[in-house]
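A.B. asks: Each chain, written out:
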Amino acid sequence: MTTLPAPDRAAEAQLAAALARCAAGERAAMRVIYDIEAGRMVGVARRILRRQDLAEEAVQDAFMRMWRAARSFDPARGSARTWLYAILRNSAISILRDEGRFGSDEEFSEDIAPATENALARLPETSALRRCLEQLDAQRRTVVVLAYVHGLSHCELAGKLGVPLGTVKSWVRRSLISLQECMG
Amino acid sequence: MTPDRDERTQASEYVLGLLEGEAQMEAERRLASDASFAREVERWRMRFAEFDDATEPHPAGEALWQRIETATASGTPQRAAQPSRWMRLWSDIAVLRTATVAASLAVVLLAVGLGVAIRQARLQPVMVAVLVDGNRAGAVVHAFADGRVVLLPLTSIAVPSGRTLQVWTLPSRERGPVSVGLMDRARTLELELKDLPRPGPDQLFEITLEPAGGSPTGRPTGPILFKGNTAQTL
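In order, the protein sequences belong to chains A and B. Be aware that the first sequence starts at 89, since it is given in the working numbering, and climbs by one per residue. Be aware that the second sequence starts at 10, since it is given in the working numbering, and climbs by one per residue.
This is chain B alone, in the form it adopts within the complex (with noise of 0.2 Å):
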């Protein structure tokens, strides 16, 4: 069957990278479901590629390589093709919502799980921020009414020798992102807030692998491991 002109207009701006939101999920369930339009976006990666054999290659050192190492050596590649798995991984927004999904599931595991250290702190915590990478929960942040703000990991983060974990907030966009806690391994951290306004709600944490020591520019420098914004506790 001959593709229409609206699906190959469809299929050359999925290629792009401009359809966005609704429009980009329709083209990836597309994708998956549907030959013809399979066909039509390879063609159009086919065309444009041209650009991509064109780049002038950047280094990409050991440095880099180990971190991928790192990060893939837990699990091993998912099973057999199915549609739904070869939608997901052309679905950016897909995994953005498994993400968000799981991260609501973190909250709800956690409200449970750290219910013992909150009765024990007799406290409650006004903020909470899960980090996540992708559909993973990485740690999670509680700011509590008295200004004290905790992290808590929720699995074992590997780093290698010479590094350090860092965790990072943005208290706002002038300011930039500022260093509240360094850690040699995931464990429970008091971060350091107090020169900082109360973490108000839809605030970044974030954790990033840094040098030894902590990032050397004040900024972080390295990869982010995991991420979350912050949400008002009811």
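Chain A on its own, in the form it takes in the complex (with noise of 0.2 Å):
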């Protein structure tokens, strides 16, 4: 596993201890997560869905499955972090693909190599991820930052880019082998 600076590292053990306090149903312990958290949480939620009020309505529906599944929480499989982002990122992707959603006017509308290039600028310059991105050909590194960062669909890629789904689609897995070897 990756290791982690020692400012994370404090962070993180923090967020463990509040998780495994979660577990224990002591709901305190959820308001040291939402204060470590929640702003970075909103962020995140709001570049995949553009809108605060969608974004603040990801960021609950994350605390709550949180909440639920605070004990399934497993240190040894994996970082609180991680585990708390993965399950924002569902719930933002689940409110971006659901069709039964009210409007569509707010549907991610940036040029697209702009929007990459921001995305990787924020990276610092010492980073791993941004050093490997940018080794990639131009159009194979916009697949993977926009999917990530924006959660855009191989379709929504196709036609941002205007190439077929299957280009789309075999662009993201040399760019994802590519990533992997740089990356280690």
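Since the hints were made in silico from the structure, they are not lab data. Please note that the accuracy of each hint is not assured.
[Unchecked claim] In silico lysine to aspartate or glutamate, EDC-like type, Cα no more than 16 Å apart, as pairs:
#1 Lys248(A) / Glu198(A)
#2 Lys257(A) / Glu244(A)
#3 Lys257(A) / Glu29(B)
#4 Lys257(A) / Asp15(B)
#5 Lys248(A) / Asp199(A)
Once you've looked at the hints, go ahead and assemble the two chains, each given alone in its own frame, into the complex.
C.D. replies: Shown next as structure tokens:
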């Protein structure tokens, strides 16, 4: 497993401890998690859902799932933080893909090249993810970044890039294989 | 054991959120049962987490916390981790399926439980929508042949002071959501659809939490508490 820098280790320990208290039914521990992570969670959900109200709905849903499932969190299997953000991404992407939702006027409409570069530019200079993504061809980089950061599906990526679905799928696969080799 | 290339690709596409339908279910089953795959998923999550760490936080105020607190007020965390629970956690599809089963069950229960009310009205609804939140059924909407549309609550709903429950429907995508009723608490309510076409099959109804007096914008602004689509009765 990747080793975390010291400040992250402290935050991770705090989160894992709060989750254990949630599992014991201690509601105050949920507030601890809210105070540490909710702002960033709203930010992550907003990148996917574009709207503050939907982002807040995703965060609320994620907290409900986290509260209900806290006992199934197993620190031996992974970090508390990735667990929490995996739940959040599931909530946000479910809302995004839910076709019964009102309105589609908020869908992703930015130009793809600047959106990709903006997401990359936010990563620290020292980031291995950034370095490895920058080694990919522009379009191959774009599919991975937009899928993760903005929650775009294969179909949406194909539409945005104006290429067939099969091409997008193969770009994604090859990009991921290159990333894996680069990041180790 | 070293994961093979297919396994890595499946794990990475799962983490990106690109798997759908059966492929997503398969990945979730595997996540629950295959330790090597679960490690691969965790590795990819850690790799991409840098994007989350680099995201600018947005204000998450007291109002959001209040909603979370209200929503989690009932019930305590579920009992210890069984593989099935772990799997369910990761499985949006499974949750949706549960919701569907719960909704069907609610329809059956309602058919029994509301028999009396229906007989009194000497009318049978032509359309029924069960409004759910995850796997919890919150209310049912009955549309009758004479044009009346009635909402019947199935559970009490916590409404903080200064807030109200607002019922919406989506007669068409072009028209967008239309408010059809306000209530201070979950109660039986005749909905106002007189100015709208009769509800058709697969028409969305939902209940949101709004400021007292109803949404100031005329569109839903608050969290969706329960929602569901109509289905024609036999």
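A.B. asks: Which of the numbered hints above does this structure break?
C.D. replies: Failing hints: none at all.
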